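Q: Sequence:
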Amino acid sequence: MFTFSSSFGQTFFISLFKPHLQNEFVLTETEFSTLYAVATIGSAFTLTWLGRFIDSTRLPKFSSLVILGLAIALSAFALSYSAIFLLLALYGLRLFGQGLMSHTSITAMAKFFDKNRGKAISIAAVGHPIAEAVLPITIVLLLGFFDWRIVIILCVLFVVLTIPFSRYLLFTKRNFTRLKMYIPSSMSVDERKASRPVNIIKTRAFWAIAPLNFSSATIGTAYIFFQLKIGDLKDWSPAFIALSFSGYAIGNFCMALVSGWLTDLYSARTLYPLYILPFILGLLFFIFNDSQWSYVVFITSIGVTNGFGATVKNAVLAEVYGTKIVGSVRSLFITVMVFATAVGPVLFGFYLDRGINFTTLSVISLAFFILMMLNAFRVYRIKSV
Numbered sequence: 006m007f008t009f010s011s012s013f014g015q016t017f018f019i020s021l022f023k024p025h026l027q028n029e030f031v032l033t034e035t036e037f038s039t040l041y042a043v044a045t046i047g048s049a050f051t052l053t054w055l056g057r058f059i060d061s062t063r064l065p066k067f068s069s070l071v072i073l074g075l076a077i078a079l080s081a082f083a084l085s086y087s088a089i090f091l092l093l094a095l096y097g098l099r100l101f102g103q104g105l106m107s108h109t110s111i112t113a114m115a116k117f118f119d120k121n122r123g124k125a126i127s128i129a130a131v132g133h134p135i136a137e138a139v140l141p142i143t144i145v146l147l148l149g150f151f152d153w154r155i156v157i158i159l160c161v162l163f164v165v166l167t168i169p170f171s172r173y174l175l176f177t178k179r180n181f182t183r184l185k186m187y188i189p190s191s192m193s194v195d196e197r198k199a200s201r202p203v204n205i206i207k208t209r210a211f212w213a214i215a216p217l218n219f220s221s222a223t224i225g226t227a228y229i230f231f232q233l234k235i236g237d238l239k240d241w242s243p244a245f246i247a248l249s250f251s252g253y254a255i256g257n258f259c260m261a262l263v264s265g266w267l268t269d270l271y272s273a274r275t276l277y278p279l280y281i282l283p284f285i286l287g288l289l290f291f292i293f294n295d296s297q298w299s300y301v302v303f304i305t306s307i308g309v310t311n312g313f314g315a316t317v318k319n320a321v322l323a324e325v326y327g328t329k330i331v332g333s334v335r336s337l338f339i340t341v342m343v344f345a346t347a348v349g350p351v352l353f354g355f356y357l358d359r360g361i362n363f364t365t366l367s368v369i370s371l372a373f374f375i376l377m378m379l380n381a382f383r384v385y386r387i388k389s390v
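Quick note, this note's numbering runs 5 ahead of the 1-based positions in the sequence shown.
Note that these hints are calculated values from the structure, not bench results. Since the model is a prediction, treat every value here as computed from it, not as a measurement. Certain hints may be false.
To be verified - Here are the simulated DSBU-like pairs of lysine-lysine, each with C-alpha atoms no more than 30 Å apart in a straight line:
{"hint": "1", "residue 1": "198", "residue 2": "66"}
{"hint": "2", "residue 1": "388", "residue 2": "124"}
{"hint": "3", "residue 1": "388", "residue 2": "198"}
{"hint": "4", "residue 1": "66", "residue 2": "120"}
Unchecked claim - Beta-carbon label-pair distances, calculated as ranges:
{"hint": "5", "residue 1": "69", "residue 2": "293", "range": "46 to 56 Å"}
{"hint": "6", "residue 1": "237", "residue 2": "31", "range": "12 to 22 Å"}
{"hint": "7", "residue 1": "240", "residue 2": "168", "range": "40 to 50 Å"}
{"hint": "8", "residue 1": "296", "residue 2": "202", "range": "40 to 50 Å"}
{"hint": "9", "residue 1": "248", "residue 2": "58", "range": "36 to 46 Å"}
{"hint": "10", "residue 1": "92", "residue 2": "62", "range": "20 to 30 Å"}
Even for Gly, the Cβ is constructed at its ideal location relative to N, Cα and C.
When you get a sec, could you build the whole thing from the sequences and use the hints?
A: This is the structure:
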């Protein structure tokens, strides 16, 4: 449920309102991308500090505060009447939606489960593809009948209802014996020192894992952010683009489930450098095929990579850094990822405004992916921290 609701701060959700926002606030592609990037970068730096509290705060309290923050951010989004107010709303959506909702869900699974950690993370992660399958077409249909602000208010109501439901799920049958596992245990002096962001960045593991994580988030977000722009340039309707995103959701959903089983079988460390391969193959198909169906294949390949990565990228952190400080480590990696999602749209927007086409951008992206994948193979030689 938390991974599903994190979609209210995800790029694909916000991009559905992009034409309405640009028209209302009179923003160019570069201006809106920059506004979005500033909000995203701000949320990323906040997340490094705020996300660490999941290692020292009981889950029911932490999760309720995150939901409340997302509801407030969505309300601010619906009430935005200036670019500055919109910037603050986007900051809140990126922090509490994309950042903390996903962080709470996946970190809880990584901490709670030892055996079958991969399966647990992958089952929690299916909230993402379910939302990606349901929300785009739902939002597009609603926007055909209602003003965009009304549609956002409906999303607020959905989020508010998740607070009592989530607490019910946590406390159902009053199974406090299992729930006690959610109570954080105290850290040693060495563990506290190791959990500091500056010390995590100094580890070899960070520089083996982070670059591929960074590049997939940067480029993947950029393509999703400009999905309607791609359709406009190629004369594909918004309805076709929205329906194509179902392929992304299906690929994400199926791979999320399969990746959990594969992770428990082979280990996340073994699979980590390989999770980008579907995206690479999809890019190749998109570059050399100009038909409508090339986009369906391409967007599905991004979904497969994201479904694969949703499990592998998180499980590898628990394997390498251990479960006691995984919340702190993951909050830093989310910061890297969120920062990357801010950079992607700005870079693509900058080059698109200067006449660079998507084919050229795809070739550059392909070369970058191959380099980052080769670097990620270094994780095989790194011992656990």
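Q: Now tell me if each hint is right for this structure.
A: Quick rundown of the hints versus the structure:
| no. | hint | in the structure |
| --- | --- | --- |
| 1 | 198 - 66 | holds (25 Å) |
| 2 | 388 - 124 | holds (23 Å) |
| 3 | 388 - 198 | holds (18 Å) |
| 4 | 66 - 120 | holds (26 Å) |
| 5 | 69 - 293: 46 to 56 Å | holds (50 Å) |
| 6 | 237 - 31: 12 to 22 Å | holds (18 Å) |
| 7 | 240 - 168: 40 to 50 Å | holds (44 Å) |
| 8 | 296 - 202: 40 to 50 Å | holds (46 Å) |
| 9 | 248 - 58: 36 to 46 Å | holds (40 Å) |
| 10 | 92 - 62: 20 to 30 Å | holds (28 Å) |
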